[in-house]
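**Q** Position 360 of the sequence shown, counting from 1, maps to 360 under the working numbering, and the rest follow consecutively.
Please note: incorrect hints may appear among the correct ones.
In silico DSBU-like links for lysine-lysine, alpha-carbon gap of 35 Å or less [stated by the list, open to error]:
hint, residue 1, residue 2
1, 291, 47
2, 203, 6
3, 212, 143
4, 321, 347
5, 248, 298
6, 258, 212
7, 6, 291
8, 298, 347
9, 258, 347
10, 255, 212
11, 255, 69
12, 347, 248
13, 248, 212
14, 47, 258
15, 143, 69
16, 347, 143
17, 203, 255
18, 248, 321
19, 255, 321
20, 212, 6
21, 258, 298
These are calculated hints, taken from the structure and not from any lab test.
None of these values were measured; they are calculated from a predicted model.
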Amino acid sequence: MIPVSKPYIAEQELAHVSEAVRSGWVSSLGPYIDAFESRFADYCGTKYAVTVSNGTVGLHLALIALGVKPGDEVIVPDLTFVATANAVVTAQATPVMVDVRRDTYCIDPDQIVRAITPRTKAIIPVHLYGHPANMSAILSIAKSRNLLVIEDAAEAHGASIDGTRVGAFGDCGVFSFYGNKIITSGEGGMITTNSDETYRRIKHLRDHAMSKDVRYWHTEVGYNYRMTNMQAALGLSQLNQIESFLDKRSRILEKYRKYLAPEGVECNPSIDASCVNWMVCAVVNSLGRSKRDLVIDKMREQGVDARPFFFPVSALPMFAKADNPVSMELSENGFNLPTYFELELEKIGMICTVFLRSLDEVR
């Protein structure tokens with residue numbers, strides 16, 4: 001089976017993780033934590049970066065550190081992984097799902113404006129599948145309405161707009177290092193910020209809100225959202241190779257476009273931004289969810305894995321329903337095809353043949 005994704009772990013990663021283990025610094029203190037945070041901040045062009053145990057808690061911690069409180073509303077795109085909305089609920093705020101733009105798959109600034117109420121506190125734009133959201137428009141809206149902006153950059157390491165990398169636009173940026181991401185630490189995440197106050201608040205809350213001056217004196221309810229030194233060793237090693245990872249993923253996407261575009265299959269958009277290819281997207285208009293899922297089944301029978309786009313968050317049973325037609329259309333007609341560093345370019349033609357043949361069989 002050709003998988004949709006798998007991590008690339010080489011000798012550099014093994015050496016660094018082994019060194020972390022042998023050093024005895026296996027928990028949440030150690031030199032790799034500091035090095036990973038410093039290097040990631042430099043890479044994103046932010047003043048600070050703080051490691052966390054995963055991207056979801058990173059979103060939650062950013063919300064709490066920035067002052068989002070129970071009863072506040074936070075605007076999120078309807079088409080995203082559920083973690084974006086779950087983090088808002090964990091902060092005891094209310095996620096308000098709005099539609100995405102058809103040309104970028106990212107949150108629609110016009111829909112943000114329509115969704116703002118007196119209870120709105122923040123916006124979480126998601127750089128979906130590696131395409132940056134329209135940060136210029138979003139920041140303009142936020143400034144005019146005194147709203148916070150937290151970038152969900154879990155899928156977009158290295159993407160940029162006019163030379164500024166994602167994670168450096170909002171009050172905070174949040175990244176995931178799950179095993180299928182562009183770089184991985186196994187589990188793990190990172191929060192970026194340029195604010196001294198926000199940085200201090202994140203660090204304080206992340207470590208059980210323990211006083212720096214009095215051991216085991218906790219000034220408020222905090223969290224254990226820390227990354228281990230072993231994970232940081234893996235993450236730092238991956239970050240050192242990120243440009244080669246991004247280059248290979250770019251070449252993979254171009255190969256897919258070569259085979260699929262002539263057949264009328266839409267691949268990842270690229271509008272007014274320098275996108276990265278976290279996951280190859282293939283959208284077949286008017287196919288529908290049931291046929292899309294049948295295509296995936298047929299592909300798997302032939303040894304090629306694929307996965308569907310995310311469900312709209314508002315379609316899930318625990319969230320309020322919303323009428324967001326673009327999110328629903330993309331969700332019902334979208335595929336993610338194999339995308340990982342070690343995927344041989346020569347295999348992409350075969351993958352596309354399997355995909356197109358399966359598609360013809362169910363149409």
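**Q** Taking the hints in turn, state whether each one holds.
**A** Outcome of the hint check:
1. Among the hinted pairs, residue 291 with residue 47 is inconsistent with the structure: their alpha-carbon atoms are about 47 Å apart, more than 35 Å.
2. For the proposed pair residue 203 and residue 6, the alpha carbon gap of about 31 Å is at most 35 Å, so the pair holds.
3. Of the supplied pair hints, the one linking residue 212 and residue 143 holds, its CA atoms being roughly 34 Å apart against a limit of 35 Å.
4. Of the supplied pair hints, the one linking residue 321 and residue 347 is violated, its CA atoms being roughly 41 Å apart against a limit of 35 Å.
5. Taken as a hint, the residue 248 and residue 298 pair is honoured in the structure, with Cα atoms around 27 Å apart against an allowance of 35 Å.
6. Only pairs whose Cα atoms come within 35 Å are accepted, and residue 258 paired with residue 212 is rejected, the gap being roughly 56 Å.
7. A C-alpha spacing of about 26 Å is found between residue 6 and residue 291, which places the hinted pair at or below 35 Å, so the restraint holds.
8. Our distance criterion of 35 Å between C-alpha atoms is met by residue 298 and residue 347, whose separation comes to about 18 Å.
9. Distance hint between residue 258 and residue 347 is fulfilled; the C-alpha atoms sit about 13 Å from each other, no more than 35 Å.
10. The straight-line distance between the Cα atoms of residue 255 and residue 212 is roughly 53 Å, outside the 35 Å bound, and the hint therefore fails.
11. Only pairs whose Cα atoms come within 35 Å are accepted, and residue 255 paired with residue 69 is rejected, the gap being roughly 46 Å.
12. Proposed proximity of residue 347 and residue 248 is supported: the alpha carbons are some 14 Å apart, at most 35 Å.
13. With a C-alpha separation of about 44 Å, the suggested pairing of residue 248 with residue 212 is violated against the 35 Å cut-off.
14. With a C-alpha separation of about 40 Å, the suggested pairing of residue 47 with residue 258 is violated against the 35 Å cut-off.
15. Distance check on the hinted pair: residue 143 and residue 69 sit about 20 Å apart at the alpha-carbon level, within 35 Å; holds.
16. Of the supplied pair hints, the one linking residue 347 and residue 143 is violated, its CA atoms being roughly 47 Å apart against a limit of 35 Å.
17. About 43 Å separates the Cα atoms of residue 203 and residue 255, which puts this hinted pair outside 35 Å; it is violated.
18. At roughly 39 Å between alpha-carbon atoms, residue 248 and residue 321 are farther apart than 35 Å, so this suggested pair is violated.
19. Taken as a hint, the residue 255 and residue 321 pair is broken in the structure, with Cα atoms around 38 Å apart against an allowance of 35 Å.
20. Taking the CA atoms of residue 212 and residue 6, the gap is about 40 Å. The hint is violated against a cut of 35 Å.
21. Proximity of residue 258 to residue 298 is assessed by CA-CA distance (about 22 Å); at most 35 Å being required, the pair is judged to hold.
In summary, the numbered hints that this structure violates are 1, 4, 6, 10, 11, 13, 14, 16, 17, 18, 19, 20.
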